[in-house]
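When you read off a place in the sequence shown, starting at 1, and then add 273, the result is the number in the numbering used here.
Hints in this document: simulated from the structure, not taken from any laboratory. Among the hints, a few may not be true.
[As the list claims (entries may be wrong)] Pairs of lysine-lysine residues, derived as DSSO-like cross-links and limited to a Cα-Cα distance of at most 30 Å, are as follows: (1) Lys327 / Lys470; (2) Lys490 / Lys527; (3) Lys472 / Lys345; (4) Lys327 / Lys371; (5) Lys395 / Lys327; (6) Lys426 / Lys338; (7) Lys345 / Lys470; (8) Lys371 / Lys464; (9) Lys426 / Lys326; (10) Lys422 / Lys345; (11) Lys327 / Lys542; (12) Lys537 / Lys429; (13) Lys345 / Lys321; (14) Lys395 / Lys429; (15) Lys472 / Lys490; (16) Lys542 / Lys490; (17) Lys537 / Lys345; (18) Lys542 / Lys345; (19) Lys537 / Lys327; (20) Lys527 / Lys395; (21) Lys395 / Lys338; (22) Lys527 / Lys470; (23) Lys527 / Lys429; (24) Lys327 / Lys526; (25) Lys380 / Lys526.
[Unchecked claim] Derived Cβ-Cβ restraints for the label pairs, each shown as a range: (26) Gln351 / Ile550: 14 to 22 Å; (27) Ser396 / Asn493: 27 to 35 Å; (28) Ala296 / Glu418: 21 to 29 Å; (29) Lys429 / Arg514: 43 to 51 Å; (30) Trp419 / Asp392: 12 to 20 Å; (31) Thr481 / Ser396: 24 to 32 Å; (32) Pro299 / Gln521: 51 to 59 Å; (33) Thr520 / Lys371: 21 to 29 Å.
Model, not experiment: these values are computed from the prediction. Every residue, glycine too, gets a C-beta built ideally from N, C-alpha and C.
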Amino acid sequence: MKRMPFTLFLGILSIFFHMQSFAQTPIRVGVAPHSSARIIYETHQDVKLFLEKKFERPVEIVTAKSFSEFAKRCNEGQSYDAILTSPNLAYLAQHLAKYQPFMTYTKGLETTILSRTPDVLKSANRPLRVAGQDPISFSTLTAQEWLEKSGLKEGKDIVYSYYTSASDSLGTILTSGAFDMVIMSWPNYLKLSEDIKSKVHIFYHSPTAPSRIYLAKEGNGITLLQWEEALDAFALSAQGRAHLEATQLQGFKKLSLDALESMKPIADKSLQRLLDIEP
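Work out the full structure, taking the sequences as your base and the hints as a guide.
Rendered as structure tokens:
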């Protein structure tokens, strides 16, 4: 029987130890803070369990206290192996930190502006006091763009404030009289209590925009091809269907490498705001 060449043996041994070195290293999946940390963790358990089985490694679902903090971590490219985020921040992560977009949901993002009164433009003093969740959240940016196009200028007609609190807190802030309007995503509006809904008015409900994006980058022992295969398999799996049922996001859709290019204007504005708030 022929003996295995010593150099080949060393090569195989090296590959084995390389694989073993990552076996217990967690895979970190960062999810943008569109809901509370508890809700994000609960609604992404199917993602976690599928990836743990696929890669035979522990998976952590993590988020951040604000969209701004999350975006900074994504743009640095060291905190997360894969991310699930809004299209404006996905564009930045792709171009600044070499994440690759792989898929999105078929149900798009919708934004709403709520007011205390149906005739807020006539009844409230100028400038109107408007609260949003974060200066670079997709809902905030798209709502502000619509308000500006409607002739309401920041500083003159509107003064914005930002809160990292959950959407139900924004609803409470509005009903307390501290603000004239608040901005949130449509799904977060639907989660408000019936009591709060009965006390507010829908001032604006946006058309559907591109949905959240799944991206990943090579590293931590996983190639881009392996990420693509894993996400393709997740989209067709029982866990994928359970995730869609939990989030009501309809389905999955694969993305090309240039799928986010239309997001450049809003992504550029997001980046400028990030730079403005850096200490």
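To see whether the hints hold, each was checked on the structure:
1. Lys327 / Lys470: 42 Å, violated
2. Lys490 / Lys527: 16 Å, holds
3. Lys472 / Lys345: Judged against 30 Å, a Cα distance of about 36 Å means the pair is violated.
4. Lys327 / Lys371: 23 Å, holds
5. Lys395 / Lys327: Roughly 57 Å separates the two Cα atoms, so the pair is violated.
6. Lys426 / Lys338: Satisfied, since the Cα-Cα distance of roughly 29 Å is no more than 30 Å.
7. Lys345 / Lys470: 34 Å, violated
8. Lys371 / Lys464: 34 Å, violated
9. Lys426 / Lys326: It is violated: about 51 Å lies between the C-alpha atoms, which goes past 30 Å.
10. Lys422 / Lys345: Within the cut-off at roughly 29 Å; holds.
11. Lys327 / Lys542: 37 Å, violated
12. Lys537 / Lys429: Holds. Lys537 to Lys429 sits at ~27 Å (cutoff 30 Å).
13. Lys345 / Lys321: 23 Å, holds
14. Lys395 / Lys429: Between Lys395 and Lys429 the Cα gap is close to 15 Å, so the pair holds against 30 Å.
15. Lys472 / Lys490: Cα-Cα ~45 Å, so violated.
16. Lys542 / Lys490: Answer holds: Lys542 to Lys490 is near 24 Å, not above 30 Å.
17. Lys537 / Lys345: Satisfied, since the Cα-Cα distance of roughly 17 Å is no more than 30 Å.
18. Lys542 / Lys345: 14 Å, holds
19. Lys537 / Lys327: Between Lys537 and Lys327 the Cα gap is close to 34 Å, so the pair fails against 30 Å, i.e. violated.
20. Lys527 / Lys395: 46 Å, violated
21. Lys395 / Lys338: 36 Å, violated
22. Lys527 / Lys470: Judged against 30 Å, a Cα distance of about 36 Å means the pair is violated.
23. Lys527 / Lys429: 43 Å, violated
24. Lys327 / Lys526: 20 Å, holds
25. Lys380 / Lys526: 10 Å, holds
26. Gln351 / Ile550: 14 to 22 Å: Since the Cβ atoms of Gln351 and Ile550 sit about 20 Å apart, the hinted range of 14 to 22 Å holds.
27. Ser396 / Asn493: 27 to 35 Å: This hint is violated: roughly 55 Å between Cβ atoms.
28. Ala296 / Glu418: 21 to 29 Å: The hinted range 21 to 29 Å is violated for Ala296 and Glu418, with Cβ atoms some 47 Å apart.
29. Lys429 / Arg514: 43 to 51 Å: Holds, at about 49 Å.
30. Trp419 / Asp392: 12 to 20 Å: Because 18 Å falls inside the window, the suggested range holds.
31. Thr481 / Ser396: 24 to 32 Å: 30 Å, holds
32. Pro299 / Gln521: 51 to 59 Å: Roughly 29 Å apart at Cβ, these two residues miss the hinted range, so it is violated.
33. Thr520 / Lys371: 21 to 29 Å: 27 Å, holds
In terms of the numbered hints stated before, the structure departs from hints 1, 3, 5, 7, 8, 9, 11, 15, 19, 20, 21, 22, 23, 27, 28 and 32, listed from lowest to highest.
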